[in-house]
Amino acid sequence: MTSTLRLHYAPDNASLCVRLALEMVSVPYTTVLVDRAARAQKSASYTALNPNGLIPTLETSKGVIFETGAILLWVADQTPGTLFPKSDAQDRGVALTWLFWLSNTLHPTLRMLFYPEQYARDPIAIANMTRDRLQQFLTLVDGVWPDVGKTPVLQCYLAPMLRWSALYGGDTRWFRLSDYPALAAFAHEFEDHPAARKAARAEGLGPTPFSAPIAPNPPEGSAT
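Residue numbers (UniProt numbering): 1 to 224.
No incorrect hints appear here.
Quick list of in silico lysine-lysine cross-link-like pairs, BS3-like style, CA-CA up to 27 Å: (1) Lys-62 with Lys-86; (2) Lys-198 with Lys-150; (3) Lys-86 with Lys-150; (4) Lys-42 with Lys-62.
Quick caveat, the hints were computed from the structure, so don't treat them as lab data.
Based on the sequences and whatever the hints tell you, model everything.
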């Protein structure tokens with residue numbers, strides 16, 4: 001265990017969601033690069049921390065946390081009410097619902113698009129079906145975002161997924177941010193947040209990382 005938060009990250013990976021949240025509350029932390037080009041996420045030293053061999057992992061004084069949604073909720077609990085509604089808040093149930101939806105529905109479906117060979121013997125077929133599902137999911141969240149999208153943890157989770165939809169998974173013509181007006185407005189607004197600007201600089205994401213993303217040019221490491 002460590003007295004200082006240590007975020008094991010790779011640029012433009014799910015660790016970006018956690019970096020955004022940490023920057024929002026100005027919590028001191030250090031980063032440890034997980035070199036994906038060398039498959040460091042599958043190394044013995046890394047899987048000793050995160051047996052799934054996935055990114056991110058957060059070392060804290062109370063132990064090691066992995067799974068993006070779990071880390072985000074833990075970070076939020078360190079400053080109650082700042083990033084996520086307090087336990088007795090009226091809107092906590094709704095916020096939890098959409099945090100788990102992002103973690104259990106949208107994020108895994110994106111993984112199926114990015115790594116179809118891990119899920120089926122016919123990766124082309126599953127990728128095509130997954131794109132259709134993602135369009136349905138994005139339409140769903142676009143409809144509710146004006147009501148639920150004020151929760152910072154949800155913002156930190158969704159913004160990178162909009163970015164990845166535009167950049168990764170082969171043919172990206174299925175995704176047009178303009179098809180989702182509430183999400184498009186959010187992407188433009190969120191990338192001007194000081195935390196988003198700082199995270200974008202740290203990972204080489206460019207000036208419009210969420211509304212009009214370009215391939216990352218990180219100072220260290222690799223996104224894939």
